[in-house]
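Chains as they are written, first to last, in the working numbering: chain A, 55 to 252; chain B, 55 to 252.
Because the hints were derived from the structure by calculation, they are not lab data. Careful: at least some of the hints might be erroneous.
Remember, identical chains collapse to one label, so a pair may be satisfied in a single copy or spanning two.
What the hints assert, rightly or not - Calculated lysine to aspartate or glutamate pairs in the DMTMM-like style (CA-CA distance at most 20 Å, straight line):
| no. | residue 1 | residue 2 |
| --- | --- | --- |
| 1 | Lys75 | Glu112 |
| 2 | Lys166 | Asp65 |
| 3 | Lys165 | Glu102 |
| 4 | Lys252 | Asp85 |
| 5 | Lys165 | Asp85 |
| 6 | Lys90 | Glu112 |
| 7 | Lys222 | Glu112 |
| 8 | Lys165 | Glu59 |
| 9 | Lys166 | Asp77 |
| 10 | Lys155 | Glu112 |
| 11 | Lys166 | Asp85 |
| 12 | Lys222 | Glu236 |
2 protein chains.
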Amino acid sequence: MKLLEDRINVDGRILGDDILKVDSFLTHQVDFSLMKAIGERLADVYREKGITKVVTIEASGIAPALYAAESLGVPMIFAKKAKNVTMNEELLTTDVFSFTKQVTSTVSISKKFLSSDDSVLIVDDFLANGQAALGLLRLIEQAGAKAVGVGIVIEKSFQTGRQLLINKGLQLTSLARIGAFENGQIVFAPADDAAFDK
Amino acid sequence: MKLLEDRINVDGRILGDDILKVDSFLTHQVDFSLMKAIGERLADVYREKGITKVVTIEASGIAPALYAAESLGVPMIFAKKAKNVTMNEELLTTDVFSFTKQVTSTVSISKKFLSSDDSVLIVDDFLANGQAALGLLRLIEQAGAKAVGVGIVIEKSFQTGRQLLINKGLQLTSLARIGAFENGQIVFAPADDAAFDK
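Kindly produce the complete structure, drawing on both the sequences and the hints.
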């Protein structure tokens, strides 16, 4: 998505070897117009796939997921992170390990919001090692629902997440793909939605 | 806001003496059309007030805050919760005590996103004891910005938050105000936006 790549070039900040900070429009301050364009683009890619729910994980995934849900006309569910979830038979839960933060979180969704009738689009802000998206996939499968695809705002293509999700048979759509950081510059790999950039 | 009160009557669940669960449209699964109506209503109330930023706190405040920001045409910022924030001179931080969870969280906003030029609308999903909104107010004041008002989706009017915010000189707009729970039914107090319900 050219609009997004342009914005990353202007406002993204590279920290260290492999961190891209986009807190001025996505992860802390949120630009609603860009988020709306992102949500609509993801909806366009999956519009004919019979999506009934959009699922994300709090908190930075909520804005793009909400606009994708609006454009598709379906509810959005955000999975909850919690260090300690008390035993509760109404919850689907799984553990997700974050390489960035080096912590394991328990992630949960109430059982009543997903059923075998659901076809789900997973949306998240970043894809790196894929553990958050794989955790959401496990919750969706626990519910007996079908995960159709994964929509990602920014993928770090030099990490393992992409291949892990494709190996699960999911249709992956990353709107910006960072192939490498070279001399303080971002080298983009071809985005999955390039055909829609007309 | 009649649309919201009606939805609370249909889908809200009363737990124990003083908890209202609205996880089917606000705090877990999100109904984008209701959130959009809520955001637009809050924007209508504050439209002539020169708002430059909408500030909320992750995670359930994000959806209504985002649509309010869209309707006002300004950025939305969500404050981050963290148990341990390492010392960082670029962060505004304050501690917020949750009576519901009986825990103190450190809440933070990056200094660069708020300045003395900003007039801020605070948005949150619930108002009970007012500690979250008061925490956001402290961050806004630390930045030298002006807090104009507070927009709340659901207020528990039998708790102390309302008076605490009004005592700070803030214009409070609660779209649904729960006066009491009686015999398993919700008794609403008059909402602050009733004049807009035409």
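- Item | Within, between, both or neither, where lysine 252 and aspartate 85 count as close if Cα-Cα is 20 Å or less | neither (22 Å within a copy, 31 Å between copies)
- Message: Within a copy, between copies, both or neither: which one fits lysine 90 and glutamate 112 at a CA-CA cutoff of 20 Å?
- Response: Both. Shortest intra-copy (18 Å) and inter-copy (19 Å) distances satisfy the 20 Å Cα cut-off.
- Within a copy, between copies, both or neither: where do lysine 222 and glutamate 236 come within 20 Å Cα-Cα? Classified as neither: same-chain Cα gap 31 Å, cross-chain 50 Å, threshold 20 Å.
- 20 Å Cα cut-off: does lysine 165 pair with aspartate 85 within a copy, between copies, both or neither? between (32 Å within a copy, 17 Å between copies)
- Query: When no copy is named, should lysine 222 and glutamate 112 be tagged within, between, both, or neither for a Cα gap of at most 20 Å?
  - Reply: neither (23 Å within a copy, 31 Å between copies)
- Query: With identical chains treated as interchangeable, where does the CA-CA distance between lysine 165 and glutamate 102 reach 20 Å or less: within a copy, between copies, both, or neither?
  - Reply: This pair counts as neither: shortest intra-copy Cα distance 26 Å, inter-copy 43 Å.
- Is it within a copy, between copies, both, or neither that the alpha carbon of lysine 75 lies no farther than 20 Å from that of glutamate 112? both (18 Å within a copy, 18 Å between copies)
- Message: I want to check one pair: lysine 166 and aspartate 65. Are their C-alpha atoms no more than 20 Å apart within a copy, between two copies, both, or neither?
- Response: between (40 Å within a copy, 13 Å between copies)
- Homomeric proximity label, lysine 166 with aspartate 85: Cα distance no greater than 20 Å: The answer is between: 15 Å across copies meets 20 Å, while 32 Å in one copy does not.
- State whether the alpha carbon distance between lysine 165 and glutamate 59 is at most 20 Å within one copy, between copies, both, or neither. Neither: 37 Å inside a copy, 25 Å across copies.
- Between the shortest in-copy and the shortest cross-copy C-alpha distance, which are at most 20 Å for lysine 166 and aspartate 77: within, between, both, or neither? For lysine 166 and aspartate 77, the Cα distance is within 20 Å only across copies (10 Å; inside one copy 33 Å).
- Since the copies are identical, ignore which copy is meant and state whether lysine 155 and glutamate 112 lie within 20 Å (CA to CA) inside a copy, between copies, both or neither. both (15 Å within a copy, 18 Å between copies)
Hint compliance for this structure: hints 3, 4, 7, 8, 12 are broken, all remaining hints hold.
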